[in-house]
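Make the full structure from the sequences, and use the hints.
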Amino acid sequence: MHTFIIAEAGVNHNGDILLAKKLIDVAYEAGADAVKFQTYVPENVISIFAEKAPYQIEMTGAEESQLDMVRKFFLSFDKFEQLFEYAKSKGIMFISTPFDIDSLEFLETLDMPIIKVPSGEIVNLPLLLAIAALQKPVILSTGMSTLEEVRFARDTLMENGAESVCLLHCNTEYPTPFEDANLKAMLALEQEFGGDVGYSDHTLGIEAAIAAVALGAKVIEKHITLDKTFEGPDHSSSAEPDELKAMVKAIRNIELALGQQEKVPTESELKNIDVARKSIVAGRDILQGEIFSKHNLAVKRPGTGISPIRWFEVIGQAAKRDFVYDELIEL
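Per the working numbering: the sequence shown = residues 6 to 336.
Don't take each hint at face value.
Once the Cα atoms are required to be at most 30 Å apart in a straight line, the calculated DSSO-like pairs of lysine-lysine come out as [what the hints assert, rightly or not]:
id	residue 1	residue 2
1	325	268
2	268	26
3	93	223
4	189	250
For each label pair, taking beta carbons as the anchor points, the in silico distance ranges come out as [claimed, not checked]:
id	residue 1	residue 2	range
5	258	184	39 to 45 Å
6	265	314	22 to 28 Å
7	70	22	22 to 28 Å
8	299	219	24 to 30 Å
9	157	270	28 to 34 Å
10	22	153	45 to 51 Å
11	69	216	33 to 39 Å
The hints are simulated quantities; they were obtained by calculation from the structure and are not laboratory data. Computed from a predicted model, the values in this text were never measured in an experiment. Beta carbons are placed, not taken as given, at the ideal position from N, Cα and C, and that holds for glycine.
Structure (structure tokens):
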């Protein structure tokens, strides 16, 4: 099992390509499988009348509009080309989420292997159709959505050319309260639609993402930042470099620990059987010809003699020789 880990840089570059490259470094050094950004043309995505989300107001103030806010985090297409090449040079997969068709068409020139659909676009039919037409694997976040909306988006993608759709359970609040994470909803998606499922995590810390892997997540997405105190809507709910490293390490350990769906002794524990298990021994000195009974037998370590699973096979038989106290019984 290998969990595909996406380090979500998002807009935490704050419009600075040097900061964006540092986020790629963070993702690479932590061992993530991919680093992901967000590509958009602000005027294509947000109207002049759109208000900020409450968490955006809390983090960036209410003075500017949502459109003005995202303009500050805008990177041009040519800068995304530079980021793509930089990620390639580092050896980490580059992904960026398209928020409009112009951005999707640009990103297709980079030939990304996977298209990521954010939660907010799950009902954006024109964009879904354009993504499906690329005939690539799609990862679809499902924050804020009902099961019927998930079905609409998934069916739209699959029926119009998408190679596959991996559904990510997600809660679109920054940060997500633990009581709203609802990780078991990921299992509901798996039961309802089949195929791979995963989790896009917006909680503080790394526990929820690790737990999702234990529940069967094939994809984990986590926002990253260089510093939670940076100005911007997503920094405070993102993982700093040390947290990301700890999350990746924990996930890789969980993958090893999950093992296979079978119950057999492992190679590492076989050597302990003789030490940890017990044998039937003499509970006192026993003379040859004496009948074995619960009164003269005991069960003690080591496990190198007759297993106590054969207790009733031994009871009632006659001793073929003398046994001293604690000696392993032989038949």
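Index of numbered hints that the structure contradicts, given in increasing order: Hints 1, 2, 5, 8, 9 and 10 are the ones this structure does not satisfy, whereas the remaining hints hold.
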